[in-house]
Every structure is written in structure tokens, then in C-alpha cells.
Amino acid sequence: MTTTNQAQQLIQIQQFQFAAVELNLFLDTHPNDQQVLALYNQVHQELLNCVRIYEQSFGPLLNYGYSPAPRNYWAWAETPWPWELKY
Amino acid sequence: MWIYEKKLEIPVRVSAPNPRLAKYVITQYGGPEGELSAALRYLNMRYSMPTNRAKGVLTDIGTEEMAHMEIVATLVYKLVEGASLEAIKAADLGAHYADHDRSLYWVNAAGVPWVAAYVSATGDPIADMHENLAAEQKARAVYENLLCLSDDPLVNDTLRWLREREVVHFQRFGETLMHLQEYMNSKQVF
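Protein chains in written order, with numbering that gives the first Met the number 0: chain A, 0 to 86; chain B, 0 to 189.
Be careful, since some hints might not be right.
As the list claims (entries may be wrong) - Below, a list of computed lysine to any residue pairs in the SDA-like style, where the Cα atoms sit at most 25 Å apart: (1) B:54 - A:19; (2) B:5 - A:80; (3) A:85 - A:36; (4) B:5 - A:18; (5) B:137 - B:118.
Treat the hints as calculated values from the structure; they're not laboratory data.
Here chain B stands alone, though its shape is the one from the complex (with noise of 0.2 Å):
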């Protein structure tokens, strides 16, 4: 069961529409590295983990994927909100028009629609927490190229927000998979 709060984990704000960054930031809504990539990946791997531990930081960090999906919902939404129909053509976002107006759909930068071959789960839990840490990195790789690539700073705050969350989940996955390190070793019958 999960509950919705009408309300964004944190404040975004853009300062001008920008259907060009819009383009780049939508892959982490519906790219390989994107949050939702991320918590379909986590909520699903809970249910082969053995201990309570690893099924409560996928829980939790799971949701917390969800509210970040929301957040850069959020903010391709107020970046295609107002631009004219020229700057979209313009700002190469035409093709994404023909198909879907200025509505949200999950696509990586390229526009290729999101595949669930972006999610692993071997039933391993060391594999698949190997896995959680490497999708961490990844995602703050990605964060950082698009704030190479944004001229919004207002956008830039919400990005680098984003971009550390990534390295808090890398900090607590790694811990947990040393408790399941711990785990397995001391496990007596296999």
C-alpha cells in the first residue's frame, strides 16, 4: 500500500520555459538511469532478499525513486509548460510533439521509450545489491552530464539535490550489502 501526499519531496523551480533542457532531463524520468528505472528496480528486488534489513532499504529507497520521478515530472512539465510551438520544432522536441503533445512519457534523451531490460534481478542477492550500487552511480553520472549540458540554474538546484541523493542510496546500499555479506557467510545450511 502506499499513501499519496500532494506535495513535491522538495520545491522546483524553472526560470524560463526550455523545451531543449526538457529534452535532456526527461531521460531521468524514462531512461536507463532514471528514477523510474530505479524504483521499479528496488521495489521489486525485495521480494528474494532474505533479511528484513535489505527488504527495508529497498522499501524505503524505493519510495523515496518514486517521489524523485515526481520531482523531474515536475520539472520537464514546467520546461515544455508555455513554449510556443516554434521553440519546441526548434529545440529538436517536434517528433516527441507528433507522438505525444507536451505530455510526459518515458523516453531517454533519444526519445527511445523505456524497456524493463533497464532492470536486473537475478534472485543473487549479492548480484543484485552489486546491482543497486552500480545503478547509483550511473544515475549521479547522468545528473552530472545534464548539469554540463543545463543553462537553468534554478534547474541546476534541482539537479544537484538529485545528484546527492544518488550518493546517500550508494552509501546505505553498500552498507547493506555488507549485512548481506555477513549474512551469507554465517548462514549454516545452504
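Just chain A, same shape as in the assembly (with noise of 0.2 Å):
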């Protein structure tokens, strides 16, 4: 497990999420767009998936009852902090 595999898997994760932030503000403001509404939701179901294939590898994302705890011990605080991964 290798801090730079874990980057480029977040790098992912974070262009997905960055694309629904994007879609959201733009949905706030424009709620009956349709062509927008189903990219949302596409680009939903591509977050999801990449966030559990990454806690796969790399531990839980989120806290407070939003990712799994699969282990034999809590690994949520174990993992590297967000202002010291190494991109």
C-alpha cells in the first residue's frame, strides 16, 4: 500500500465529486434541468463506486456510520490525514 497508488485512487474519487459539487450548485439554482439531473445521477453511481473500491484498500472515507468498519480494529484515525498525504 503505497501512498502514491492511495493519491491517484483520491485524484479519482476527487474528480467525481468534484463534477456532482459542480452539478448540485448548478441544480440548486436550476431544478427542473433534466439533461442535468441524469448526469447528476450518473455521476453519483461513478462516486460511489470508486469511494468502496478505494476503502477497500485504503480504510474508511467518511465517519459517523457512512463507511464500513470491515477489520479486526478501528483504522479510522490510522490512516494518513488529508493535509499529510503526499500527492
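Join the two chains into one complex using the hints; note that each chain is given alone, in its own frame.
Printed below as a string of C-alpha cells:
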């Protein structure tokens, strides 16, 4: 498990999430745009898939019940913190 | 309720320790047009907004501003991490070091601590939405000032991205202002 590999997978999540943030803000002021709604749902699925794959290798991405804890110890605090990760 | 995601909104890189640049960039952490001011301004303003759409825009942009605060914090952290005490003193960060060592603190570029007076809330939806439009333009201008001061191309990548977010938020707030004006004009009872 190298930090570089982790950073690469994170960048993919960051790309999908940035698309989701942009579409979300656009839909806030254009709630009936069917094309953007469809794109948002597509990005939502891609983002969830990437997060699931990432968490299998690198541990939980979210706290408070939104990520599973499949190992026999609590990994949440042990993985690199965002400001410490080397890209 | 907020959930923490253990990642930044975008990757943040710096070329080398640079305490001089950290001293400038920290103003977008704790200065008047900084990301703390932005997040608190928008999230606080939700409670006096008359429409669900305005509450939604303020919630989502306010939340993104918290992510931007973490991006600026990471920039400052990485620019100061590994800098020698001599370099910190030479960069005029000695006064910050005296009170805070290398820790982050909400100050502007001149070291003045953050105050709630940076944030306005009149309770008038039209006045408050104009406040947000002005705030986004002022933040854009500060990022452009920082780009003029910065000598690190990797830091510039992040500053340019943050600047562009101000432009998008300005656009969304402008649309929200028009929506609020339509709502206020259509109200039958005042």
C-alpha cells in the first residue's frame, strides 16, 4: 500500500466529486434541468463505486456510520490525514 | 449535521517550504475575505432566508467553503512544515511563531485575528444576497493579489482553482438573488 497509489485513487474520487459539487450547485438554481439531473445521477453512481473500491484498500473515507469498518480494529484515525498525504 | 470526508476537495501540493508565502496565503484562512468568513457568513444566513431554494444554495456553498478552508489550511501547513526557524524569522513570521509556533491560527496577512465583524447578516434577504455577491468578488480579488505575490507554481494551481470557485459561487448567488427578487415582488401580504 503506497501513498502514491492511494493518492491516484483519491484523485479519481476528487474528480467525480468535483463534478457532483458543480452539478449540485447548478441544480440548486436550475431544479428542472432534465439533462443535468441525468448527469448528476450518473456521477453519483461513479462516485459511489470509486469510494467503495478505495475503502477496500485504504480504509474508511467517511465517519459517523457512512463507511464500513470491516477489519478487526478501528482504522479511521490510522490512515493518513488529508494535509499529510503526499501527492 | 455534517459528515467528515477524510480527503481534500482537490489535491494540494507545494514545491518547497516557503514561510513568506504562508504569511500571505493565511489571509484566506482567517482574513476578512477568507474561507472561514465565507463559510460562517453563508451558513449563518440560511435561517433568515424566505425560500427553500435560497436555503439550499447557502447550505451547499457554505459547506463547500468549509472544504476550501481545509485546502487553505493545508497550503499553509505545507508551506511552513520543514521551514527552519531562521527562514521563519527572515519571512517576518517570527511574531506568529512567538504566539503559535508553526500551528495555524485565524489571522489576516498582517497577523490581525479573525473577528465576527467580517460577517454581515441584516435579515433582509435582498441585502444579504448582495453581501454574498460582494464577498465572492472580494475573495476573487484577494486570490488574484495572492497570485501576484506567489512564486510557487504548484501553489498557484491551487490559488487559481480557488479563484475560479469564487466566480462560480458569484454566478449561483446572482441567480439566487433574481429568484429572491421574484419571490419578494410576488408576495401579496407584507
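Verification of the supplied hints:
Of the pairs offered as hints, the one joining residue 54 (chain B) and residue 19 (chain A) holds, with about 19 Å between alpha carbons and a cut-off of 25 Å not exceeded. Under the criterion of a C-alpha separation no larger than 25 Å, the hint pairing residue 5 (chain B) with residue 80 (chain A) is consistent with the structure, at around 7 Å. A C-alpha spacing of about 35 Å is found between residue 85 (chain A) and residue 36 (chain A), which places the hinted pair above 25 Å, so the restraint is violated. At most 25 Å may separate the alpha-carbon atoms for a hinted pair to count; residue 5 (chain B) and residue 18 (chain A) meet this at roughly 18 Å.
Under the criterion of a C-alpha separation no larger than 25 Å, the hint pairing residue 137 (chain B) with residue 118 (chain B) is consistent with the structure, at around 13 Å.
In summary, the one numbered hint that this structure violates is 3.
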